[in-house]
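A.B. asks: Residue-level listing of the chains:
There are 2 protein chains.
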Amino acid sequence: MNETQLSEIYAQRSSRLTEALARYRLDALALNPGPTLTYLTGLNFHLMERPVVALFTPDKPPVIVHPELEKAKIEALPFPATTFPYGEDPTEWPAAFRRATQYAGVKASRVGVEPTRMRLLEFHYLKEAAPEADFVFAEEALALLRACKDETEIANMRRAVQIAQQALRATLSIIQPGVSEREIAAELSLQLLRAGSDAELAFQPIVSGGPNSANPHAVPGERRLQNGDLLVIDWGAVYHGYVSDLTRTFAIGKVEAEYQRIADVVEQANAAGRAAARPGVACQEVDHAAREVITNAGYGEYFIHRTGHGIGMEGHEAPYIRQGNPQPLEPGMAFTVEPGIYLPGRGGVRIEDNVVITAGGAETLSDLPRDLQILPL
Amino acid sequence: MNETQLSEIYAQRSSRLTEALARYRLDALALNPGPTLTYLTGLNFHLMERPVVALFTPDKPPVIVHPELEKAKIEALPFPATTFPYGEDPTEWPAAFRRATQYAGVKASRVGVEPTRMRLLEFHYLKEAAPEADFVFAEEALALLRACKDETEIANMRRAVQIAQQALRATLSIIQPGVSEREIAAELSLQLLRAGSDAELAFQPIVSGGPNSANPHAVPGERRLQNGDLLVIDWGAVYHGYVSDLTRTFAIGKVEAEYQRIADVVEQANAAGRAAARPGVACQEVDHAAREVITNAGYGEYFIHRTGHGIGMEGHEAPYIRQGNPQPLEPGMAFTVEPGIYLPGRGGVRIEDNVVITAGGAETLSDLPRDLQILPL
Numbered sequence: 001m002n003e004t005q006l007s008e009i010y011a012q013r014s015s016r017l018t019e020a021l022a023r024y025r026l027d028a029l030a031l032n033p034g035p036t037l038t039y040l041t042g043l044n045f046h047l048m049e050r051p052v053v054a055l056f057t058p059d060k061p062p063v064i065v066h067p068e069l070e071k072a073k074i075e076a077l078p079f080p081a082t083t084f085p086y087g088e089d090p091t092e093w094p095a096a097f098r099r100a101t102q103y104a105g106v107k108a109s110r111v112g113v114e115p116t117r118m119r120l121l122e123f124h125y126l127k128e129a130a131p132e133a134d135f136v137f138a139e140e141a142l143a144l145l146r147a148c149k150d151e152t153e154i155a156n157m158r159r160a161v162q163i164a165q166q167a168l169r170a171t172l173s174i175i176q177p178g179v180s181e182r183e184i185a186a187e188l189s190l191q192l193l194r195a196g197s198d199a200e201l202a203f204q205p206i207v208s209g210g211p212n213s214a215n216p217h218a219v220p221g222e223r224r225l226q227n228g229d230l231l232v233i234d235w236g237a238v239y240h241g242y243v244s245d246l247t248r249t250f251a252i253g254k255v256e257a258e259y260q261r262i263a264d265v266v267e268q269a270n271a272a273g274r275a276a277a278r279p280g281v282a283c284q285e286v287d288h289a290a291r292e293v294i295t296n297a298g299y300g301e302y303f304i305h306r307t308g309h310g311i312g313m314e315g316h317e318a319p320y321i322r323q324g325n326p327q328p329l330e331p332g333m334a335f336t337v338e339p340g341i342y343l344p345g346r347g348g349v350r351i352e353d354n355v356v357i358t359a360g361g362a363e364t365l366s367d368l369p370r371d372l373q374i375l376p377l
Numbered sequence: 001m002n003e004t005q006l007s008e009i010y011a012q013r014s015s016r017l018t019e020a021l022a023r024y025r026l027d028a029l030a031l032n033p034g035p036t037l038t039y040l041t042g043l044n045f046h047l048m049e050r051p052v053v054a055l056f057t058p059d060k061p062p063v064i065v066h067p068e069l070e071k072a073k074i075e076a077l078p079f080p081a082t083t084f085p086y087g088e089d090p091t092e093w094p095a096a097f098r099r100a101t102q103y104a105g106v107k108a109s110r111v112g113v114e115p116t117r118m119r120l121l122e123f124h125y126l127k128e129a130a131p132e133a134d135f136v137f138a139e140e141a142l143a144l145l146r147a148c149k150d151e152t153e154i155a156n157m158r159r160a161v162q163i164a165q166q167a168l169r170a171t172l173s174i175i176q177p178g179v180s181e182r183e184i185a186a187e188l189s190l191q192l193l194r195a196g197s198d199a200e201l202a203f204q205p206i207v208s209g210g211p212n213s214a215n216p217h218a219v220p221g222e223r224r225l226q227n228g229d230l231l232v233i234d235w236g237a238v239y240h241g242y243v244s245d246l247t248r249t250f251a252i253g254k255v256e257a258e259y260q261r262i263a264d265v266v267e268q269a270n271a272a273g274r275a276a277a278r279p280g281v282a283c284q285e286v287d288h289a290a291r292e293v294i295t296n297a298g299y300g301e302y303f304i305h306r307t308g309h310g311i312g313m314e315g316h317e318a319p320y321i322r323q324g325n326p327q328p329l330e331p332g333m334a335f336t337v338e339p340g341i342y343l344p345g346r347g348g349v350r351i352e353d354n355v356v357i358t359a360g361g362a363e364t365l366s367d368l369p370r371d372l373q374i375l376p377l
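So the protein lines, in turn, are chains A and B.
First residue of the first sequence? That's 1 in the numbering used here, and the numbers climb one at a time after it.
First residue of the second sequence? That's 1 in the numbering used here, and the numbers climb one at a time after it.
Some clues are possibly wrong.
Below, a list of computed lysine-lysine pairs in the DSS-like style, where the Cα atoms sit at most 27 Å apart [to be verified]:
1) B:Lys127 to A:Lys127
2) A:Lys107 to B:Lys127
3) B:Lys71 to B:Lys127
4) B:Lys127 to B:Lys60
5) A:Lys127 to B:Lys107
Calculated from the structure, these hints are not laboratory results.
Note that the coordinates shown come from a computational prediction; the quantities given were computed from them, not determined experimentally.
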């Protein structure tokens, strides 16, 4: 993309932000580094011990407080910004924040902040610099801003899914009894990079075998696969900053009949969830469609999490596909459908796909087989 | 390590925490997921939209508020803990936090929090649950807790350095004019995993060539190397959760004389910084030793950052090797020495090593050549 196209994208996003601020009666938005800042500016920083904050208001270019040594990044922005750099001595930092909030005019304003992103560090400097401002959790305003993806974003997500699928296929050949979870996770991470993933993965692959597969968020460990195990692999790639997040479950050799049974139920639940997804349907209805299949099969109490979560620049973002969420789906919304059944101490099955709402329904971006395949191949 | 050894490690760390709380007159510590929580419990969570908080007090086992679906991780802890799980519906979460803070007895206490880690999300639930508590920034108490590494920790860091060095050596063969920064970064990430790094890197390699090398925190881009470029590579591995962080600078073919000159100055500054490091010396003296070499060579204004930062479970942690930091070095403290000279619009040089303070001096963990090597080899 050339600089003109980039400035156009950021101008569009900036005007969508201005609308969102107006709708939620916010005078300004204060962001620290994270996906929303990247979405609005392209800026990318690690969260470190030095605070970085950008202030967005409807009538001025963004105002950015940042360490002097990040100057080059800020100067490369394809749009104007007003910057307040500070040096290495933390006693200088409050003054930079005071000048920035004064310049941005956020003194006695309603200022939106991101509760899942902003740390007490940045908030402390902001609050000291603008003690009369009213800081408001703005997750709802911001969720809507990023939830509906444009075509470039969807193309990136589609590519992130393809990269993930290619990496898993390349990893299957090493999976057999005696191989450890950690070895499989390392090989899969390597294959993700080889297949073209951005170097910084959104999350480390989950590879959990045997009893560990009954823990949805297990960390890959030293346990070695055994015949009769279920094996859950939950992994994803990142492409131009956009994430994929898939799960497939495998049988190591012959498994007990109930494992095949729960794999069939979860496959049906996954299909039912995806089939329910279309514009106007509430998130909770997609959850219900998947959950009903599992409940009717008698495993309701073993489906211990929501059916899915939004996906985009973050591995988890709005919309959340859970009971009690009335948010209607809109074209461009992207999310996971990932029902599971977890039998404590024995094993679990989860099947996860990535779905994008289209004008007339939904597109599933992932197409790896969903039935319980037996490994080694 | 077996379970008994693990419980001993956590018991030791817990009693060091109790001392630190007493020294800083804190009644409790509230942590969200991050390195300090991992240090004290071994627990590892991504920061997500669901809040996880652990409360530590001198007289009770840790109290943990967590999503139901993380139960298996908590049950696997090698020590007792009292848990307050909650379900998928966010309206349940405040009650879980109220019960946890009541049980922990932190109602009207001084409760330490980590400003660089705790988000407004967790803080919001904590404050609602214990409105009379006085939340205090505890970075100083916690920095001391983790800054002095034990032998197991240092062994992990030594291995993380070896893995990083092996990965860089394996990457050098692809570096030549025409190769892009992004391609080198991808190959280096892949080689890090192949050499045995944990899959989740602490940071994405910085690979910056030509004018980009004048930006200390550049993000690898599409620019292709040209003859006459300086090339800065800043990378690290992770081993058992412990980080290495190294930088070397290369010349692509023949470079102008001033580039060789600044490379020599930075190499001397790096050596001077490392030579100054020993127990009892203040952080600012190590900074001064490195900075003086660069200033005396006439490049002081182009060394635009501090000389280094602590390193361990995080890529950046205490002690900070900067002007104005009187903190004396102690055996077990580990940090980077990474002076640099950055000529805007032209190019930069940085040379970074990892150092651990010993009883009698300091050990440099890294030993790759530091002089300006010419590539392709």
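A.B. asks: Please go over all the hints and tell whether each is borne out by the structure.
C.D. replies: Structure-based check of each hint:
The suggested pairing of Lys127 of chain B with Lys127 of chain A holds, with an alpha-carbon distance near 17 Å, which does not exceed 27 Å. For the hint pairing Lys107 of chain A with Lys127 of chain B, the CA-to-CA distance comes to about 24 Å; that is within 27 Å, so the pair holds. The hinted pair formed by Lys71 of chain B and Lys127 of chain B meets the criterion: a straight-line CA distance of about 24 Å does not exceed 27 Å. For a cut-off of 27 Å, the pair hint linking Lys127 of chain B to Lys60 of chain B stands: about 21 Å separates their Cα positions.
Of the pairs offered as hints, the one joining Lys127 of chain A and Lys107 of chain B holds, with about 24 Å between alpha carbons and a cut-off of 27 Å not exceeded.
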